[in-house]
Amino acid sequence: EPEVTQTPSHQVTQMGQEVILRCVPISNHLYFYWYRQILGQKVEFLVSFYNNEISEKSEIFDDQFSVERPDGSNFTLKIRSTKLEDSAMYFCASVRAGGTGANVLTFGAGSRLTVL
Amino acid sequence: SQQGEEDPQALSIQEGENATMNCSYKTSINNLQWYRQNSGRGLVHLILIRSNEREKHSGRLRVTLDTSKKSSSLLITASRAADTASYFCATDANDYKLSFGAGTTVTVRA
Chain Z
1 EPEVTQTPSH QVTQMGQEVI LRCVPISNHL YFYWYRQILG QKVEFLVSFY
51 NNEISEKSEI FDDQFSVERP DGSNFTLKIR STKLEDSAMY FCASVRAGGT
101 GANVLTFGAG SRLTVL
Chain W
1 SQQGEEDPQA LSIQEGENAT MNCSYKTSIN NLQWYRQNSG RGLVHLILIR
51 SNEREKHSGR LRVTLDTSKK SSSLLITASR AADTASYFCA TDANDYKLSF
101 GAGTTVTVRA
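Note that the protein sequences, when read in sequence, are chains Z and W.
Residue numbering for the first sequence follows this note's numbering, beginning at 1 and increasing consecutively.
Residue numbering for the second sequence follows this note's numbering, beginning at 1 and increasing consecutively.
Just chain W, with the same shape it has in the complex:
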């Protein structure tokens, strides 16, 4: 399976701190995406990084991709209470299907 596996499973941080989570996958990909899921809701796309990119930024999000290690990281800087959610990486091998991992649950304490 090429699906991503995130770690840690859960993360609790203080507001204002940075949150880092990692994703590993098994096969070649076209791109890797990160999604957020608020409790009981659908997944919302955050950011996409292509296989030929190493780093990408979007607001307070920073994503890295290391295709040699088949891994990615998502950094949320200066976290806010509203960042409390589960974060999923999803791999895309250009077969019109995304494969998701189990997610990292982030709790930001006020």
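Bound-form chain Z, shown alone:
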């Protein structure tokens, strides 16, 4: 069964460093997402991406965050200067299309980011 792949599974970084989290969505999917989950808390929407541009972003997704789909397969989330509060599990998700209005997301296993 097709799956969303995320790397790295765990990254430890120093505060102020740049981090890039990578995702390979399912190949025929058109919408891509990043969500964040601080330990034990709710799953928070960060950003959605369609047709090579951001379609929606949350208040969390400030100027420190950016997304890119550089080569048609990878979908990356970059945090330019990490803060302690960026420590969380970051989930990539994708969905084929919203043709029926039913957006069933397929999630990756997540990348755990620890900022020291």
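Some hints here could point you the wrong way.
Unchecked claim - A short, non-exhaustive set of chain Z residues, derived as facing chain W with CB atoms under 8 Å:
hint : residue
1    : Gln41
2    : Tyr50
3    : Glu53
4    : Phe91
5    : Asn103
Think of the hints as simulated: they come from the structure by calculation, not from any bench.
As the structure is a prediction and not an experimental result, all values here were calculated from the model.
Glycine included, C-beta positions come from ideal geometry on N, C-alpha and C.
Once you have looked at the hints, place chain W on chain Z.
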């Protein structure tokens, strides 16, 4: 915000018992979905119920939706140890984004 809010926050039951959790949301939706998350893993889609449906079944799962009360429930019948996980409802207003609640953590004791 239209995100779902689940209750209870945590639920502990004996194997074989039923587990019921609820979700409330604030705005009109196109559909409501339930996802499961095993500890430290990604979310896995369980079941989707559209706004014009009232009840849906999938195996041991039963979902209800009451759009007048803006609420949904997920029932897991004859629970097993493998059902131990967190369960999240997610609302879809057809804006190509799902909004999740904080989840209900279910522990099934053997």
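Hints and how they fare:
1. Gln41: holds, 7 Å
2. Tyr50: holds, 7 Å
3. Glu53: Glutamate 53 (chain Z) check fails; min Cβ-Cβ to chain W is 13 Å, beyond 8 Å.
4. Phe91: With a closest approach of 6 Å, the phenylalanine 91 (chain Z) hint holds.
5. Asn103: With Cβ-Cβ at 6 Å, under 8 Å, it holds.
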